[in-house]
Structures are given as structure tokens and as C-alpha cells.
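Participant: Spelled out, the chains give:
Protein chains: 2
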Amino acid sequence: MKLVRAEIIAIGDELLYGQIMDTNSHWISQELDLVGVKVVRKTTVGDNRTDILAAFAAAEERADLILITGGLGPTQDDLTKPLLAEYFGCEVVEFPEAVEAVTSFFKRRGREMTQLNILQGHLPSCCTYVPNEVGTAPGMWFERGGKYWMSMPGVPHEMKKLMKDFVLPTLPKVVALPVIYHKVIKTAGIGESWLADLIKDWENNLPEHIRLAYLPSLGHVKLRLTAFGENLKTLEDEVDEQIEEVMPIIDKYVYGFNSETLETAIGNLLKNAGKTLALAESCSGGYVSHLVTTVPGSSAYFQGSVVPYHNQFKESILGVQSQTLETFGAVSEETVKEMANGVRKLFKADFGLSSSGVAGPDGGTEEKPVGTVWIACAGEGFVETRKLQLTQDRMLNIQQTGVAVLNLLRVCFSGNNK
Amino acid sequence: MKLVRAEIIAIGDELLYGQIMDTNSHWISQELDLVGVKVVRKTTVGDNRTDILAAFAAAEERADLILITGGLGPTQDDLTKPLLAEYFGCEVVEFPEAVEAVTSFFKRRGREMTQLNILQGHLPSCCTYVPNEVGTAPGMWFERGGKYWMSMPGVPHEMKKLMKDFVLPTLPKVVALPVIYHKVIKTAGIGESWLADLIKDWENNLPEHIRLAYLPSLGHVKLRLTAFGENLKTLEDEVDEQIEEVMPIIDKYVYGFNSETLETAIGNLLKNAGKTLALAESCSGGYVSHLVTTVPGSSAYFQGSVVPYHNQFKESILGVQSQTLETFGAVSEETVKEMANGVRKLFKADFGLSSSGVAGPDGGTEEKPVGTVWIACAGEGFVETRKLQLTQDRMLNIQQTGVAVLNLLRVCFSGNNK
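Chains as they are written, first to last, in the UniProt record's numbering: chain A, 1 to 418; chain B, 1 to 418.
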């Protein structure tokens with residue numbers, strides 16, 4: 001089955017000059033992907049007649065569905081509406097229903113409207129008027145030669161409402177959407193190329209209709225399986241079968257599926273086991289605590305943390321021995337062990353995690369260069385440690401330490417370290 | 001003067017399918033805007049030979065400078081490199097220097113490399129090899145017919161380093177850039193429309209060749225002045241004159257200029273005064289500590305922090321009175337006062353900051369709905385507090401609390417609260 005091909009066009013000088021980040025196109029992509037529409041191109045153009053008309057023409061060549069955001073304000077530099085009229089060869093005329101909607105929008109908010117606002121109810125005669133209940137610029141739907149166009153305002157919540165209320169419900173009525181199924185495997189603790197190397201035989205044997213994508217981000221790699229076919233249940237089963245096959249090879253790196261994050265995965269592990277967590281962060285400086293507490297409901301298992309940025313507080317608050325610090329230094333296996341045990345005791349937690357390292361850019365030595373980090377996980381009767389050799393970049397070192405610390409807890413928890 | 005026209009091409013199915021948000025194109029736009037290069041188009045294409053080649057050809061028609069991100073990973077779906085070779089009509093060959101760089105990159109990290117990684121040092125023979133010090137995919141620079149091309153990895157920090165170290169310094173050597181001068185005034189603690197209202201007379205009197213842009217972000221508003229002209233020194237003087245004029249109206253909201261952040265501004269205040277800081281974070285969960293410790297050298301003034309996520313640790317570690325918690329609750333002015341004083345004492349710091357609030361989505365009551373946050377700043381002989389009424393969104397509440405806490409320290413420090 002041939003997929004419906006879509007192009008997203010974002011219009012506005014402010015997008016090209018970097019004054020506003022185009023989050024609309026990203027959101028639209030996600031929504032279209034979920035219903036099996038294939039986005040083949042995203043285009044951003046400025047408030048310029050020639051560029052906009054050229055973008056329309058190129059999109060019509062490439063795509064079956066063209067979604068346009070922006071350029072619908074009441075001011076003169078907003079060109080989308082007159083140019084759509086020109087492109088489709090019709091006039092901008094008054095749509096009484098649209099004028100009425102704009103007028104009552106202003107009335108509801110007790111605000112005065114200008115002549116410019118009234119003109120927002122004038123639309124290309126060849127479009128279908130789509131009411132915008134949360135703003136003043138209407139949506140416009142066009143059909144020509146079996147292709148479908150929708151023009152929406154650039155204000156994100158207005159665009160989203162028009163997508164949800166009109167575009168997404170209309171699509172299945174006018175085009176044939178495929179049966180599609182996605183599943184994402186989330187991994188941590190292994191780089192993209194090592195992972196690719198581990199699973200290359202499995203990957204090469206995937207059936208034609210199941211596609212694999214590697215989606216790396218800091219300290220994580222996501223594997224996305226996408227299956228196309230006739231029957232959703234069959235696709236789910238086929239994808240699950242493939243996952244069952246690959247899991248024994250990679251399971252020690254897998255922390256979850258789909259929208260799960262390392263933070264939520266660890267939260268679920270702790271919650272389900274009725275266990276609690278405390279953190280002692282030196283080089284990660286509060287970042288791990290921040291990750292843990294971004295999860296709603298984390299107070300069920302997170303007891304608290306200490307950032308003992310100076311050594312004296314590693315002693316006075318966490319009970320690290322001064323001799324340990326003198327003999328081995330703050331960035332050492334011995335110190336992170338005592339920190340993890342100490343914070344576990346301080347917060348009466350089941351697990352204590354700790355980090356200590358040289359985040360940089362200063363503080364490196366020959367023996368412990370910038371990027372040297374020790375982390376530990378302490379639990380009842382054990383302390384696991386890891387040494388990391390990270391980068392020259394302070395921010396990256398903090399972030400990668402964060403992922404590594406959480407992943408160490410996961411590994412300790414699932415006993416994969418034994 | 002004719003501006004240099006640029007196109008940004010982002011490559012990757014993951015961008016079209018909405019799995020990754022393209023923040024690169026936005027960042028590149030901003031950087032190009034600063035040096036007076038006019039971005040005329042942004043294009044996103046998938047990992048597809050025909051589409052990528054078509055995007056190259058269209059960009060070469062439209063732009064003088066083409067910046068490409070993505071599609072440079074070691075796996076099979078990454079096509080940028082072979083297609084650039086095809087487009088420019090040359091072969092992919094071994095660049096010994098590039099192979100050496102990849103090899104030593106892995107050696108430095110003590111990690112093994114695969115055959116796929118070695119191939120990352122093979123590049124189109126017609127490109128100039130641009131070393132990537134922070135990753136394994138090199139940059140590639142091409143010149144043809146007076147137009148310039150740069151291909152960079154999609155990993156944001158790698159792309160940024162290549163832009164800063166190579167592209168931005170190279171541009172003035174190969175193309176004519178306008179004389180342009182920017183200065184950014186950084187404010188916190190006031191919303192965009194209030195700020196606009198405060199300075200509207202000044203704004204209306206700005207000379208034609210000095211442009212003002214409002215750049216709002218979470219809890220901050222940046223005011224960017226951009227001057228165009230003939231002579232850089234004259235532009236600097238003119239902009240500084242304008243800033244001198246507006247400062248008396250807004251100075252209590254201004255924490256710095258240009259690349260200064262609230263974190264670095266506070267760091268400088270503390271360092272210059274020889275003062276130290278400690279934090280007690282409840283609802284902000286470590287986020288403020290994270291912000292403070294992202295600043296290189298923050299150990300000079302940051303003593304440490306405690307995240308007492310459960311009330312018992314507010315008592316046992318910070319010495320908050322159990323009666324205070326019982327009478328007023330954890331989210332109260334009285335509690336944050338005692339937390340700020342307690343953490344100041346615990347870490348022997350000059351200033352103690354604290355937060356306690358209902359981050360959400362659960363935990364709200366009629367009296368203290370989600371988004372209710374108390375913050376405090378304690379110093380020698382004083383405690384300042386603020387109540388914030390934030391949003392329904394947990395992540396936003398954490399981030400806005402972070403900005404508000406740091407800004408409260410700035411306000412207390414500069415005595416503007418008196």
C-alpha cells in the first residue's frame with residue numbers, strides 16, 4: 001500500500017532568523033507518524049511572495065497532503081492567505097460565517113476589534129472555511145487534483161486545536177491510511193555502533209515490512225521498529241516476536257519501551273518493589289536529583305539528596321572518613337563507596353547512589369584528567385562502583401554522569417551485575 | 001550591500017517522523033543572524049537518496065552558503081557522505097588524518113572501535129576535512145562556483161563545536177559580511193508586555209539603523225539591540241549610548257549582558273564579594289543546584305545543597321521545627337525561612353536559598369493549588385521570601401522556581417529589596 005505523503009510548510013521570517021523555534025512542525029510530524037502518514041519534507045520559508053509560491057508548487061509535486069502553518073496574522077507582512085488565493089486561482093471574499101466568528105471572539109473577550117480583524121473573516125473563495133475557536137485566524141482547507149491542503153495559524157495551541165478537531169478526523173475520510181505499528185526499545189549504557197554491531201545479524205534478517213531506526217541521544221540509544229501491513233494485531237505480534245528474538249542479546253542494556261524514560265523506569269522499579277532511594281552528588285551537582293524529581297509521584301520512592309560540593313561536607317554530613325579523602329582523594333572508588341553508604345543511612349533509604357569526578361574545565365591532573373568520574377550504588381549488603389572516562393565538556397560530563405548513575409541503579413536492581 | 005543567503009538542510013527520517021526535534025536549525029539560524037547572514041530557507045529531508053540530492057540541488061540554486069546537519073552516523077541508513085561525494089562528483093577515500101582522529105578519539109576514551117567507526121575517516125576526496133574533536137563523524141567543507149557547503153553531524157554539541165571552531169571563523173574570510181553590532185540586555189523577574197510598556201518611549205525613539213527584538217524565554221526576557229552601519233566602533237558607541245539611556249528605567253530587572261546567564265551573574269556576584277552559597281531544595285528537587293554547578297569554577301562559592309524531599313529530613317538535616325511543619329505545612333513562608341536559615345548554617349554559607357511548593361500534577365489543595373511555591377533567601381541578619389503562583393505543569397514549575405530562586409538571591413544581594 002502506498003503511503004500518503006505529506007509536506008509541512010512553516011511560514012515566517014521570525015523562524016528563519018531564529019527568533020522563534022518552530023515546534024509546530026515537530027508536533028505535526030509526530031501526529032502524522034502515528035496515523036501512518038509519511039512526512040517527506042519540512043520546509044520553512046520567510047514572508048516573501050516568490051519563496052512562498054515556490055514552496056507551494058514544490059510541495060504539490062512531492063506530497064499528497066500539505067500542511068501550512070503561519071503567515072495568517074492581520075498585518076501586511078502576513079502573506080499566506082492572499083498567496084493561497086493566487087495559487088489556487090480564486091478571489092479573497094467575505095465569508096459571513098467567518099466574520100461572525102471573529103466578531104464574537106472579540107466580544108467574548110471584551111476586546112475591541114479593528115478593521116484588520118474583520119478582514120480575517122475574508123478568505124479565498126475556493127477554500128473550505130474551518131472555524132478556529134481559540135483564535136482569530138481561521139483554518140482553510142483546499143482540495144485540488146486529489147491533493148489536500150490545510151492552512152493554520154502559527155500559534156501552537158491554535159494549530160493543535162485545528163489539527164485535532166479537523167485535520168486528523170478528516171484524513172481517514174479522504175485518504176487511505178495504512179495499518180501501522182511502532183514499538184521503541186530504550187537502551188542505556190551502550191553506544192550506537194556497538195549496539196548496531198551486536199544486533200547486525202538480527203537486523204539483516206528483519207522482514208521487509210518491519211523497519212529499524214537507531215535514535216541516539218546523550219547516553220541512550222532508542223531502537224524503533226515500525227511495521228506496515230494489513231492487520232494491526234498481526235503487526236503487533238510480528239514486532240513482539242522480533243523483540244523477543246533480539247532481547248536476549250541486548251536485555252542488559254534495555255530499560256524500557258516506548259515513552260518510558262530512564263527516570264520513569266527506575267521509578268517503576270523502586271515503586272513496584274517498595275524500595276526507596278537517596279543520592280549523594282558531587283560532580284553531578286544536583287542533576288540526578290533533578291532527573292529523578294521530574295517524574296510525577298517520585299516522592300513515593302525518592303527520600304532526598306545531598307550535594308556535598310566541598311570535601312568537608314562529605315565528612316560532616318555523609319560521614320566519609322577524612323582518611324579516605326586524604327589517602328585516595330575525593331574522586332576515587334573508596335570515596336564514592338562511602339558517600340553512597342553514607343547517604344543511604346542519612347536518608348534511611350534502601351539504595352544510595354553517589355558521584356564524584358572532575359567535571360572540568362579545571363581541576364584535572366595527569367592521574368585524574370577532566371572527565372574522570374567515579375559512581376557508586378549501595379544497597380543492603382553490597383556496593384557497586386564504576387569508573388567513567390568522559391569528555392572535556394563540563395555540561396556533557398554532568399549529563400552523562402546523570403544517565404550512568406541512574407543506569408547503575410537499574411543494573412544493580414535487576415542483578416545484572418552479578 | 002547584498003547579504004549572503006544561507007540555507008539550512010537537516011537530514012534524517014527521525015526528524016520527519018517527529019522522533020527528534022530539530023533544534024540544530026534554530027541554533028544555526030540564530031548564529032547566522034548574529035553575523036548578518038540571511039537564512040532564506042530551512043529544509044528537512046529523510047534518509048532518502050532522491051530527496052537528499054534534490055534538496056542539495058535546490059539549495060545550490062537559492063543560497064550562497066549551505067549548512068547541512070545529520071546523516072553522518074556509522075550505520076547504513078546514514079547517506080549524507082556518499083551523496084555529497086556523488087553530488088560533487090568525487091570518490092569517498094581514506095583521509096589518514098581523519099582515521100587517525102577517530103582512532104585516537106576511541107583510544108582517549110579507552111573504548112574499542114569497530115570497522116564501521118574506521119570508515120568514518122573515509123571522506124569525499126573533494127572536501128576539506130574539518131576535525132570533530134568531540135565526536136567521531138568529521139565535518140566536511142566544500143566549495144564550488146563561489147558557494148560554500150558545510151556538512152556536520154546532527155548531534156547538537158558536535159555541530160555547535162564545528163560551527164564555532166570552523167564555520168563562523170571561516171565565513172568572514174570567504175564571503176563579505178555586513179558591519180553589524182549586537183548587544184543583549186538580560187532581564188529576569190518581569191514579563192515581556194510589562195517590560196515593553198516600561199520602555200515604549202525609549203523604543204519609539206530608537207534610530208532607524210538600531211533594531212530592538214524581545215526574546216522571551218522561561219522566566220527571562222532578553223532585549224537584543226542590533227545596529228547596522230559602516231563602522232563597528234561607531235555602532236558600539238551608539239548602542240552603548242542607547243543602553244545608558246534605558247538602564248535607569250529597567251536596571252532592577254537587569255542581571256547582565258550578552259552571554260551572561262543568571263547562574264554566571266550570581267556566580268560573579270558571590271565570587272567578587274568573597275561570599276558563599278548553600279541551597280535547600282524541596283519542590284525544585286535539585287534543579288537550582290544543577291543550574292549553579294553548570295558554571296565552571298562554581299566550587300569557589302557553592303558549598304553544597306540538600307534536597308529534603310520528605311518532611312522528616314527537613315527536620316533531621318535542616319533543623320526545621322516540627323511545630324512549624326505541623327502548623328503551617330511544608331509549603332509555607334515559615335518553612336522556607338527555616339530551611340534557608342538551616343541550610344546556611346549546615347554548610348557554613350553566607351547565603352542560604354530554599355524552595356518548597358506543589359510542583360504537581362498531584363498534591364494540590366484548595367488553599368495551596370498546584371503551582372503554589374514559596375522561596376526564601378537567608379543572609380546575615382535577614383530572610384527574604386516570595387510566594388509564586390505558577391502553572392499546572394510540573395516541569396515548568398520546577399524550571400520557573402529555579403529562575404525565581406536565583407533571581408531572589410540577585411535581588412537580595414544587590415539590596416534592591418530594601
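Each hint should be verified, as a subset may be incorrect.
Same chains, same label: a pair holds when it works inside one copy or across any pair of copies.
List of simulated lysine to any residue pairs, SDA-like, C-alpha gap at most 25 Å [what the hints assert, rightly or not]:
id, residue 1, residue 2
1, Lys-183, Tyr-17
2, Lys-2, Ala-176
3, Lys-161, Thr-391
4, Lys-164, Asp-201
5, Lys-147, Asp-51
6, Lys-161, Arg-211
7, Lys-233, Gly-145
8, Lys-387, Gly-329
9, Lys-222, Asp-201
10, Lys-183, Gly-121
The hints are simulated quantities; they were obtained by calculation from the structure and are not laboratory data.
Participant: Are the hints correct? Go through all of them and say.
Facilitator: We went through each hint and held it up to the structure:
1. Lys-183 with Tyr-17: So Lys-183 and Tyr-17 pass the 25 Å test across copies only (14 Å; inside, 36 Å).
2. Lys-2 with Ala-176: Within. Shortest intra-copy distance 9 Å satisfies the 25 Å Cα cut-off; inter-copy 47 Å does not.
3. Lys-161 with Thr-391: between (35 Å within a copy, 13 Å between copies)
4. Lys-164 with Asp-201: neither (37 Å within a copy, 40 Å between copies)
5. Lys-147 with Asp-51: Intra 21 Å, inter 20 Å, cutoff 25 Å: intra and inter.
6. Lys-161 with Arg-211: neither (29 Å within a copy, 32 Å between copies)
7. Lys-233 with Gly-145: neither (34 Å within a copy, 55 Å between copies)
8. Lys-387 with Gly-329: within (14 Å within a copy, 42 Å between copies)
9. Lys-222 with Asp-201: within (18 Å within a copy, 52 Å between copies)
10. Lys-183 with Gly-121: neither (40 Å within a copy, 33 Å between copies)
Violated hints, in rising order: 4, 6, 7, 10; the structure is consistent with all others.
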